[in-house]
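Q: Chain Y is already provided as a structure; the job is to place chain X on it using the hints.
Residues per chain, in single letters:
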Amino acid sequence: MPLWIVSGLLIFLMLGILGYFIYQYLENPYRTLEPFPVDKYLSDYRSLAGAKFKADLKVSADLGWKAETGRLMVFTTENDSRPIVVLIPPKMGGLFFTKGQNYQASLEVGEGGLIYADSCEKK
Amino acid sequence: MPTHVKKSSLLIVASCLSLPWSLLSGAPTLNPAPPPQAPDASNTPSNANVLPTVDNSTSSTLDYLFNHKPAEGSAAKSGGDVASAISDKIKALDVLKTPGLNDPQTRARFQTYLSLKEISDDRIKDYFAKITQVSEILKQGDTFAAWKLLYAMSEYKDLDAGISRELANRVESVWMDNRTKNGIERANDKLRGNIDTYDHNADLIASDLHQQEIEDRKKQGNAGGNNNSNQNNSNTTNSPLLNPNADPVAAEAALMPTMGGSLQGKMELTAEYIKLLEARAKIKLNEMRADRMSDEGKRAFAQYIKTLYDTHRYYHMIIAADFYRALFNEGNYPSGIANAASSAPPTSVGRTPHDMANQAATSMGINSRVPIDMANQAASSMGINSPLGDTTQDTHPVSMSDQVTSALEINNRVSQAIDVFKYKAGRGEIAAAAEQLQEAFVANEFHPGLQALVRDQKEKVGDFLAKLDVLKNQLESRDFEEVAGQLTAIKTIASDFDSTKPLALVNGVKLESRLRLGKAKLLAQQGQLTDAMKEFQVAAEVWPGNPDLQNSANRFFNTEDVQNESTTEFDRLVKEQNYRQVFDKQLAFAAAVQGDMAREEQMKTALEKVKKAEMASEKANMLVMNGDVNGAWETVELATKDWPDDEKLNKLLANLSGRSADFVSALNKARDAESKKELGYSLTWFVTAQNYYPASTIANDGIDRISKLILSPQPSAAVSN
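Protein sequence lines correspond, in order, to chains Y and X. Adding 910 to a residue's 1-based position in the first sequence gives its number in my numbering. Adding 14 to a residue's 1-based position in the second sequence gives its number in my numbering.
If we strip away everything but chain Y, and leave its shape as in the complex, we get (with noise of 0.2 Å):
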């Protein structure tokens, strides 16, 4: 096998590669958001209210469910060991939640410090 030949297969595979991430890059919808800033949270939530982050989830328990408001969910995030209660709004209804699992969400924080997820996606 010439080298050329060997040395192409080699550049497009890694063009390949390349491309696959930026693409996956360009694909994620969380990309444009800030991780959301628990300890900031907790200290004021004001100062988040209306704003939108990502965070990546852990379920920690089940407060509650109501079929027109949604699901009450207490999660974890990766940087963060201190609970927040995340309203999962009816929209979402299909997912299961266990303790333990890991979702990325988008999150807002809403009136009254109330947080909802936009969208949470098993990773």
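Treat the hints loosely; a few may be bogus.
Stated by the list, open to error - Simulated coverage check for chain Y against chain X, where a stretch passes if three residues somewhere in it have a Cβ under 8 Å from a Cβ of chain X:
{"no.": "1", "stretch": "934–946"}
{"no.": "2", "stretch": "972–985"}
{"no.": "3", "stretch": "992–1002"}
In short, the hints are calculated from the structure, not lab data. A quick note: this is a predicted structure, and the numbers were derived from the prediction, not measured. Heads up, the beta-carbon is just placed ideally off N, CA and C, and yes, glycines get one too.
A: Just chain X, lined up with the frame of chain Y:
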């Protein structure tokens, strides 16, 4: 002036000193009771403001004590009845009676007698022998020898007391009367001789006058009619004067017409007649005097005998009676209207005075069928008002024979009583001995046998009676706590003293008092202070010396004061929510608020709060010891929710807050957010707090509560989408 200044200064200083003390002591100053007047509604409020504050219970108690008399059927009335019944029972105790010594004078004489030294038996026998000898000599008719013996008897001054000498004087007095009567009789005999002389002289003068009239008639040659008439008149006029039974005045009047003829002779005749009349009158007067002297002598001697009898000089009375028979030559004693009292009107109970007197005498152990005078005397000696009275004696003199009989009987009884006394005293049975001695003394305190009794034995009786008096006084004054000791002391003197009845009486009274006191306490505890006071008073009346009475009284009145103070303090502490003070003084407060529903509920609430707080405190301490500081904090925190102002809990809470700062901070933030309706933020902090302390009730409750609010179909304003 300086003196006045000093006095004024002293008064001011005294006032200043007394004022603070009265204020410090807090003693209520009761105003003097106002005079009774019609209630005036307009005055009431002002009086209420002016008068010192006296609580209702105290005022009702004072009102009861000073303004109420025991009503029929009330506790106080029954108490009075009980006290009266006890007094009657005490008086009815046989062992306390001293028969015959109720009369203070007799009692005093008896006390004196008990302390007198005894007289030797030989001396008494000699004296008795002389008494017997006097009676025997009198029976033989030798009054003079008997009279001489009386002087010999009077030498026994300690036994005789000079009575024999006085009796001898009385006998001598009778003899003197007899001598006087003899002198009168001799004078009468002389007068009778004079009368004969006067008669004879009168006859001679009359004869001379008759001869002279005949001679004058012859000389004048007058007619015989007149002479016959004069003669007849002379014979007629002389004859009445010669008759000793003729009326002297009528005789003299008849004689007077004849005196015109021969005046001189007739005057002589008249003088003789007057002498004759005088002599006859003197004889009559002397006879009357002699009779009166005889009667008076007999009466005086009989009276003296009665006096001897009345003064219990029975032996002398018997001798005097024998003298009476001898002196006045009477075969028997003079009889009065003896036993007339038996016909006296019956008393209200249908008994004759004689019966009553006999009954009194019977109680002394004397034969009940004794003569009236003796029964009277016995009753009188026992302090009983003589049922026969003086009226009977005045209207119906007692026969001397009855007096002699009763005197003999009494002497016999006294002798028997003395023998029994000696026997009982020798056996140490002083109670029975004392009874015998009292009876003997009351019957005849001058009985020589009594004087022979040994002083040591008599003093035992004296000690016994003195202690019996003390016992009686103790019972009557209801000093029952001393009675047992007194009974023991009496028993040591008199082994035969029956203490059963006094002890039973005392125990009964004590029990009654204790029961009343217990009832008073019960009523006081139930808040029925008026009724309690009544029972308390009855208990005090029944047994004033009850040792429990003072303590109970102190407790009773202190309880009232404490109750009033406690109520005030309780209200203040409840108002301050100082339930711990209420808890600490719960025993005092429990009694104070009993019956007051509102305060009882407050008391219950206070105790429950403290109880919960104490339990929380204890639980927190346990949790701290196990390392569960958050749990300890939460326990105290929950307790403070129920009682936020408790210092102890707050202090403990503050202490624990520092040791569980994260948990406490999370909860505080959660609560703060919840209060601001920041439900999401609050829920996060509750969850955070739960993360610190998973068992936290506050956190879990908060999570449930907030979660439901967020998930509610009608969410709050915080849930926006």
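Q: Examine the stretch 934–946 of chain Y for residues whose CB is less than 8 Å from any CB of chain X, and state whether their number is three or more.
A: violated (count 0)
Q: Given as covered by chain X, does the stretch 992–1002 of chain Y meet the bar of three residues or more with CB within less than 8 Å?
A: holds (count 6)
Q: Holds or violated: the stretch 972–985 of chain Y covered by chain X, criterion of 3 or more residues with Cβ-Cβ distance under 8 Å?
A: Since 9 is at least three, the answer is holds.
Hint compliance for this structure: hint 1 is the single one not met.
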